[in-house]
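Protein chains: 2
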Amino acid sequence: LCEEPFNHTDSCPATKPSMLNVHLVPHTHDDVGWLKTVDQYYYGGRNYIQHAGVQYILDSVVSELQKDPARRFIYVETAFFHRWWSEQSAKTRNIVTQLVQEGRLEFVNGGWCMSDEASTHYSAVIDQMTLGLQHASIFAQMGYDGFFFGRLDYQDKGRRMKMKEMEMVWRASESLKPPTADLFTGVLPNGYNPPAGFCWDQSCSDDPVQDDPELEDYNVDDLVNKFISISKAQADVYKTNHIIMTMGSDFQYENAIPWYKNMDKLIHYVNARQKNGSAVNVLYSTPSCYLQELNLAKQIWPIKTDDFFPYADDAHDFWTGYFTSRPALKRYERLSNSLLQTCNQLEVLGGSQSRDGPFGKGDSETMRRAMAVAQHHDAVSGTEKQHVANDYAKRLGIGWDHCQVLVSNSLAALSGSNVPRVFCENLNISVCPLTEGSKRFSMNVYNPLARPISWSVHLPVNGSSYSVQDSNGMAVNSQVIPVSKATQNLRRGRGYAKNELVFQVQAPPLGFSTYSIILLGRAGAPDEPKRAAPVSMQNKYLKATFDPTTGLLSGLTNLETQQSIQLSQNFYWYNASNGNDESRQTSGAYIFRPNSSTPYTISSKPVVSTLQNSVVQEVRQQFSPWVSQVVRLYEGSRDLELEWTIGPVPVDDGLGKEVITRLDSSISSAEYFYTDSNGREVLQRRKDYRPTWDLKQTEPVAGNYYPMNSRAFIKDKGSQLTVVTDRSQGVSSLNNGSLEIMLHRRLLYDDYRGVGEPLSEPGEFGDGLVVRGRLLLTLTPPETAADAHRPLAQGMVLQPLLSFQDGTPSAIVEFSALQASLPPAVHLLTLSQWDKDSVLLRLEHQYESSESKTYSKPVTVNLQKMFSTLKVVGASEMSLGANQWKANMTRLQWNTGNDAHIYTCSNPTPWEITLNPMEIRTFLLNVQLR
Amino acid sequence: LCEEPFNHTDSCPATKPSMLNVHLVPHTHDDVGWLKTVDQYYYGGRNYIQHAGVQYILDSVVSELQKDPARRFIYVETAFFHRWWSEQSAKTRNIVTQLVQEGRLEFVNGGWCMSDEASTHYSAVIDQMTLGLQHASIFAQMGYDGFFFGRLDYQDKGRRMKMKEMEMVWRASESLKPPTADLFTGVLPNGYNPPAGFCWDQSCSDDPVQDDPELEDYNVDDLVNKFISISKAQADVYKTNHIIMTMGSDFQYENAIPWYKNMDKLIHYVNARQKNGSAVNVLYSTPSCYLQELNLAKQIWPIKTDDFFPYADDAHDFWTGYFTSRPALKRYERLSNSLLQTCNQLEVLGGSQSRDGPFGKGDSETMRRAMAVAQHHDAVSGTEKQHVANDYAKRLGIGWDHCQVLVSNSLAALSGSNVPRVFCENLNISVCPLTEGSKRFSMNVYNPLARPISWSVHLPVNGSSYSVQDSNGMAVNSQVIPVSKATQNLRRGRGYAKNELVFQVQAPPLGFSTYSIILLGRAGAPDEPKRAAPVSMQNKYLKATFDPTTGLLSGLTNLETQQSIQLSQNFYWYNASNGNDESRQTSGAYIFRPNSSTPYTISSKPVVSTLQNSVVQEVRQQFSPWVSQVVRLYEGSRDLELEWTIGPVPVDDGLGKEVITRLDSSISSAEYFYTDSNGREVLQRRKDYRPTWDLKQTEPVAGNYYPMNSRAFIKDKGSQLTVVTDRSQGVSSLNNGSLEIMLHRRLLYDDYRGVGEPLSEPGEFGDGLVVRGRLLLTLTPPETAADAHRPLAQGMVLQPLLSFQDGTPSAIVEFSALQASLPPAVHLLTLSQWDKDSVLLRLEHQYESSESKTYSKPVTVNLQKMFSTLKVVGASEMSLGANQWKANMTRLQWNTGNDAHIYTCSNPTPWEITLNPMEIRTFLLNVQLR
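These protein sequence lines map, in sequence, to chains D and U.
When the first sequence is numbered by UniProt numbering, its final residue is 930 and no position is left out of the sequence of numbers.
When the second sequence is numbered by UniProt numbering, its final residue is 930 and no position is left out of the sequence of numbers.
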């Protein structure tokens with residue numbers, strides 16, 4: 001098992017130990033969508049928007065690499081490479097394979113795209129990396145020994161340059177034992193661009209090396225002097241006698257000739273100076289080769305344990321707006337992830353009929369690719385042009401279509417019913433023609449989690465009385481309530497259901513349960529909500545109180561722990577800056593810059609109505625024509641739901657608006673608050689503070705915003721108020737006990753980061769996008785908070801898939817693919833078909849090492865005893881990206897001054913596997929359907 | 001001698017006789033200077049001005065041609081190709097040679113540049129073509145079987161499309177027997193661009209062929225439909241089932257990949273339609289291959305005998321401004337041509353010492369190349385940016401330096417004196433430190449013509465009395481006159497000579513004469529001119545009368561023929577249009593568009609002074625601070641000289657000015673006038689009329705301007721008034737008896753043809769360029785006019801070169817390389833070193849077939865008896881471009897309905913050769929210095 005993996009660095013260029021070695025790394029940065037769509041970027045379509053055609057980059061680079069074995073190139077985005085590869089002849093493929101084997105063409109990152117950092121959920125990132133590496137791994141071992149990036153806070157960069165801390169070891173997890181989560185990390189000297197004056201792309205205007213002394217503009221001496229001077233200045237802020245220069249930028253190398261021709265000359269003329277005593281040695285290189293040299297330097301590297309948020313590239317230029325930009329796209333991406341996981345699982349569980357069954361051909365690949373593209377840092381980030389955002393959504397939509405066919409086929413196999421299934425995608429605005437019109441229908445609730453779940457459903461109906469039965473034929477308590485005015489308003493003709501049928505459902509782990517709904521009567525109308533605020537609403541777990549004067553939330557009590565906090569909540573908007581004397585910086589797709597630290601209150605006294613019954617209690621609050629909320633408490637729920645609806649945000653007044661909700665509590669949080677990192681680990685945040693440098697705060701609001709991927713919380717000794725959200729958002733805590741979440745943004749100006757459009761989503765009707773979302777609030781002691789928010793957030797990410805069939809339920813009404821629920825600490829992260837006989841399984845310990853007394857401990861599961869419908873006949877552990885056997889994985893060792901460890905070969909994978917806190921383990925299982 | 005020449009067309013692609021064959025011709029158009037200098041264009045320097053780097057075009061095209069034998073490319077500008085070739089490895093050179101031999105890379109034009117049409121003199125054009133072909137001819141025979149161009153009057157084009165006369169036989173000379181001067185000429189369908197929507201250069205934004213049906217923007221069907229529709233529409237206006245499409249444009253193919261990749265796909269998908277019945281067949285081709293198909297079509301082609309001037313691309317957009325733009329550059333180019341011919345001759349006559357002698361290493365090649373570049377259609381045309389105009393002038397200036405060393409070396413050999421020689425380049429503003437300060441100096445007058453000449457010189461001096469002796473020691477009549485006020489003003493510190501020494505010199509054919517000048521006294525000052533207009537000035541040949549009231553010219557009399565005309569002359573300026581409601585078109589570097597047809601008079605009564613002595617008579621006229629003139633008559637002269645000085649043209653009033661001089665005579669010219677074509681044949685022009693179509697005149701002034709390269713005239717039955725000029729200019733005749741010549745232009749707006757600058761030359765002092773020039777007037781009977789203007793114009797083009805030595809004259813004071821003057825009809829067009837033992841000789845019959853009773857007849861010379869100092873041991877006749885043996889020259893035969901003739905092999909060149917009117921014959925002579 002410990003065969004020697006293919007190693008790029010065997011073929012690294014020679015360097016000179018006594019000299020300053022300048023590693024030129026030719027590269028291109030190819031967004032899989034930004035100002036143009038991924039297809040337009042690939043082909044070079046609509047070049048009037050932006051000149052960019054990736055097909056030619058790969059054509060040209062491969063052509064130029066062949067001309068000189070010294071030349072090198074790195075490539076990142078497999079989404080593009082994959083397309084290009086599929087169009088190449090066998091001859092070209094052989095050439096490319098050879099170039100890769102010789103280390104002249106190196107894949108870096110290797111994901112389907114270059115993921116966004118703030119707004120992506122880790123499960124989607126892992127998927128997109130796996131997809132990318134699956135295609136790229138035909139060439140090389142992708143061991144991540146290092147990470148290089150360009151964007152970090154300008155103050156942080158300044159300090160690092162001064163302290164020679166541009167390169168470090170990033171210890172990204174407190175839970176995982178070093179060096180498991182250690183990543184050697186380098187800050188690049190010029191972002192990802194070449195040094196000033198040395199850009200030789202067709203898109204640049206720097207003078208080429210003009211080396212014919214007979215011509216007018218001979219400039220070799222000047223250029224060499226300038227290059228040597230830049231190199232020495234750069235070496236001054238790095239630790240070793242090796243430095244890296246990124247020779248390329250956005251969509252460059254469409255014509256590789258000027259780049260290589262001039263770099264060839266630069267290398268020649270700079271090195272020619274050596275015979276006159278120059279100690280600068282320049283060479284074509286790659287990140288791997290550079291990294292190898294750093295590793296050999298045996299330096300002691302500083303450790304970094306926090307993250308790099310928030311990013312500011314100048315005093316008033318905080319990239320904290322995009323944490324919230326395009327909230328509908330961010331939600332659609334999250335929902336699509338949930339569907340993709342279900343689709344993956346059902347592809348495995350339903351067998352080959354899933355892909356080709358009674359409803360035609362379905363597949364998960366379309367959604368996988370759409371989701372992978374959506375992870376791009378100008379996709380789910382919300383920083384693309386509007387037409388590109390539409391394209392991402394369209395791709396996801398097509399993914400849904402393909403997955404829905406697959407799911408229908410799979411459920412047909414598992415349920416024994418070929419009756420067509422309807423997936424009502426508009427339940428959030430109470431639209432579903434089947435449930436609205438049918439007298440008798442069944443609802444399949446598929447649960448992608450490895451534990452049973454309970455879920456509340458609201459089905460749009462027009463009857464006033466229904467019978468609901470579970471899969472055992474037992475009656476389920478249900479209520480018919482009127483569709484809220486807010487929902488009626490925003491449907492705008494897309495549906496006419498008058499009522500909602502509300503009830504709670506259960507589903508088994510990795511399986512489904514079926515509910516049968518029968519219309520009993522149409523006469524009469526359900527009670528209208530009372531036009532008054534209640535004093536409180538409560539169930540057996542939770543009590544929420546309201547201010548009778550304002551109708552706003554005023555307190556929250558956990559009835560189990562008997563703890564109470566004061567808690568008010570309201571909606572506000574920051575007035576987006578249009579630039580001012582201090583800085584021309586505006587608020588835009590990337591940048592959040594309020595023109596005042598005090599937001600406007602939308603209403604201090606909303607119009608309130610109350611509805612309370614045995615299934616659900618709702619306080620419906622209308623703050624303005626464009627802001628409303630339902631505060632909701634379900635019968636069996638331990639969390640309070642805030643369902644907000646915002647939009648169209650009015651901008652007729654010429655003011656861009658960034659809408660937040662703020663929770664103000666009696667919790668003594670001081671300036672601390674907590675946010676999750678990509679839905680996984682939680683980081684402590686502190687107002688006006690950065691762990692690694694002495695912050696000079698220049699934007700009191702925007703400079704304190706952080707991404708909240710799935711949750712955020714504040715706490716004091718006794719209480720923790722946790723907010724779980726349904727999508728990525730920006731969050732901050734600017735006052736003691738306070739937590740504010742940015743929900744929606746509508747802006748009037750571009751923010752000068754290239755997108756060239758103001759972020760002003762038109763929505764389906766052109767007058768501004770309406771967005772609806774949910775926040776779930778829990779109040780717990782801090783020490784048991786994770787026990788609640790981990791499953792709560794996981795359930796929000798992987799929510800059940802509802803599907804409907806007209807008429808009576810299918811033969812098989814309940815199904816679970818597991819022999820038993822997995823232990824509470826274990827999350828089934830991935831179950832997807834790998835090839836005909838094998839499936840990819842990822843199991844995750846979903847607790848950090850110190851967050852739960854109950855669950856933060858190693859847990860063991862047996863791979864063979866896990867599935868009820870799959871017989872596992874073999875298992876091999878793989879790297880997280882599933883691109884290599886875990887046993888073959890070797891990584892460079894970095895000296896951080898206090899620890900040392902190297903991966904070694906391990907024994908064959910046993911059936912019993914143990915997960916430590918925060919650990920994810922990836923297995924390729926050889927399976928047979930039982 | 002009749003060996004089969006290499007023939008491109010052997011390798012032409014197969015076509016389909018029953019289909020419409022669309023010949024795609026990949027090409028690039030690379031100005032050797034326009035918005036950037038020739039060096040900047042080659043390297044791609046200063047890309048912020050314009051993205052263009054020719055080195056990469058050739059790199060990329062050669063790389064892409066290798067990928068598919070079907071791909072083809074044509075290249076034009078040898079100035080660039082030569083540079084690129086010199087940088088290539090042997091391997092690349094072999095590849096390129098192979099590509100040429102296979103017809104995949106074809107040289108078209110093959111000149112050093114693509115000459116301008118209007119403002120170039122034929123001798124310089126022949127030189128630049130010879131230079132280009134010399135470098136290109138290593139590859140192929142360059143037989144010009146056809147000529148394709150894009151710019152012609154839009155009305156003309158409209159008519160030709162309607163009449164299917166887009167392709168024709170251009171019979172460019174009435175003197176030469178058809179088909180000698182016949183040239184098959186095609187008007188290209190889209191200028192030189194690809195059809196709309198099919199530009200796949202990196203500089204274009206047309207969508208590529210997007211042929212993956214899985215991608216969003218699949219467009220194959222649309223593109224193929226569009227292409228077929230364009231092809232059919234194009235075929236409708238051409239005669240055969242072959243059409244040509246130029247696939248490229250300015251500086252395109254820097255990245256050849258997108259072009260070829262998309263053309264490959266286009267060809268594939270369009271031809272794939274053939275199996276569904278489409279009759280359109282598209283193929284890679286070249287002009288040669290296209291032409292071959294036209295030739296095989298055996299059509300009868302229309303004949304064209306006039307030229308295509310003036311060119312208008314729209315109703316108010318006449319490209320007639322550039323005939324005059326940058327008058328100083330146009331003059332410097334003409335002077336440089338004269339120096340180059342002298343330099344060429346002296347390189348031959350002085351032997352090898354010329355190139356490496358007492359004054360160091362000299363060469364003619366630098367000037368030859370600078371002159372070749374200066375012939376470009378954005379060089380001498382005056383349509384380049386200012387910094388590029390400066391670069392052209394600088395290159396010529398360096399050429400002067402190199403030639404002056406060569407000339408000094410050669411004259412040292414021929415004269416026996418190694419005393420340093422001074423070339424006073426500023427005699428036109430009376431600046432020459434040597435003559436100003438020396439007490440005794442000699443002046444060598446080198447005459448590049450093959451007949452003796454007489455020439456008047458003005459030497460700046462500070463003495464008041466000088467003795468002048470000719471080479472025989474005979475005293476020469478001389479006069480000292482004061483430097484004019486106008487000249488003093490424009491010198492602005494560049495010289496302080498008070499007086500000019502004026503006398504007439506003679507020089508033998510192709511040789512020199514030496515004059516000795518001795519200062520006799522400094523005391524006293526010459527007579528100042530009288531502040532009055534004379535009634536007249538006259539010598540024994542000519543009499544000019546002046547209006548005593550205005551001081552303006554009023555009449556001219558030829559005293560030999562006893563003919564008189566009324567003749568007034570004055571200066572005017574048209575107010576340049578800034579665009580108006582009718583059209584936004586402005587006057588600019590290209591376009592002449594006055595905002596009124598009536599020009600402003602600068603002064604109807606100039607300040608006049610008169611100076612008359614036995615050598616020269618001058619009327620000095622000051623019209624304004626920026627316009628002055630000297631009307632001058634030398635003792636032995638048959639022509640009246642008008643020396644005009646214009647500038648700095650004031651534009652503080654916000655008005656762009658186009659300055660003309662107008663001659664209004666009593667000649668009954670009606671609406672006819674005559675202009676020369678590139679200094680050679682003369683064409684009749686007629687106001688508001690075009691010979692080939694029914695003109696709708698839309699610009700009454702600009703639409704009647706024509707280029708005047710060396711002369712223009714008006715005539716009636718009895719008199720012809722001929723104006724010979726010293727540079728290219730625009731000319732018109734808008735009224736009976738009138739001739740107006742545009743002398744200078746200073747404008748405030750760009751004219752939207754790409755140059756992006758207003759034509760407002762700053763001049764040496766930044767406040768506007770001052771220009772001085774000369775017009776020579778002759779009055780003769782029409783039937784003997786050519787006898788006068790042919791030698792007069794030839795002498796203006798190839799003027800004697802004056803050089804000065806301090807002290808006494810050299811040992812050999814007179815020299816002629818000819819045994820005798822050539823016959824008056826024979827012009828020695830070229831005498832230049834070809835290789836060590838051979839020289840290139842061009843002899844020209846300088847009369848048209850019907851313009852002179854005396855000279856318009858065949859004339860015979862003996863090559864062996866021509867030179868006194870060269871022994872001619874062999875002679876072989878060559879094509880005009882000297883790139884092939886005349887005997888090998890074959891051309892396609894074109895049926896024009898009334899004649900037929902093919903070149904056949906001729907016998908070896910005899911010593912006695914006969915020249916017919918307008919014929920130029922080119923010989924490679926094997927010579928030895930006697």
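Some clues are possibly wrong.
All copies of an identical chain are treated as equivalent in the list; a pair is satisfied when it fits inside any one copy or across any two copies.
Said to hold, decoys possible - Below are the DSSO-like pairs computed for lysine-lysine, each with C-alpha atoms no more than 30 Å apart in a straight line:
# : residue 1 : residue 2
1 : K394      : K226
2 : K540      : K717
3 : K265      : K394
4 : K530      : K836
5 : K696      : K239
6 : K439      : K162
7 : K16       : K687
The set of hints was computed from the structure by calculation and includes no laboratory data.
Since the model is a prediction, treat every value here as computed from it, not as a measurement.
Hints, one by one, checked against the model:
Within a single copy, K394 and K226 get their C-alpha atoms only as close as 48 Å, which misses the 30 Å cut-off; across copies the closest is 28 Å, which meets it. In this homomeric assembly, K540 and K717 come within 30 Å of each other (Cα to Cα) only inside a single copy, at 24 Å, whereas the closest approach across copies is 123 Å. For the homomeric pair K265 and K394, the shortest alpha-carbon distance between copies (28 Å) is at most 30 Å, but the shortest distance inside one copy (46 Å) is not. Neither within a single protomer nor between protomers do K530 and K836 lie at most 30 Å apart by alpha-carbon distance, with minima of 58 Å and 112 Å respectively.
When the C-alpha separation of K696 and K239 is checked against a cutoff of 30 Å, the pair qualifies only within one copy, where the shortest distance is 26 Å, while the shortest distance between copies is 77 Å. For the homomeric pair K439 and K162, neither the shortest alpha-carbon distance inside one copy (73 Å) nor that between copies (73 Å) is at most 30 Å. In the homo-oligomer, the alpha carbons of K16 and K687 never lie at most 30 Å apart, since the shortest distance is 47 Å inside one protomer and 78 Å across protomers.
Figure legend: structure checked against the earlier numbered hints; hints not met, in rising order: 4, 6 and 7.
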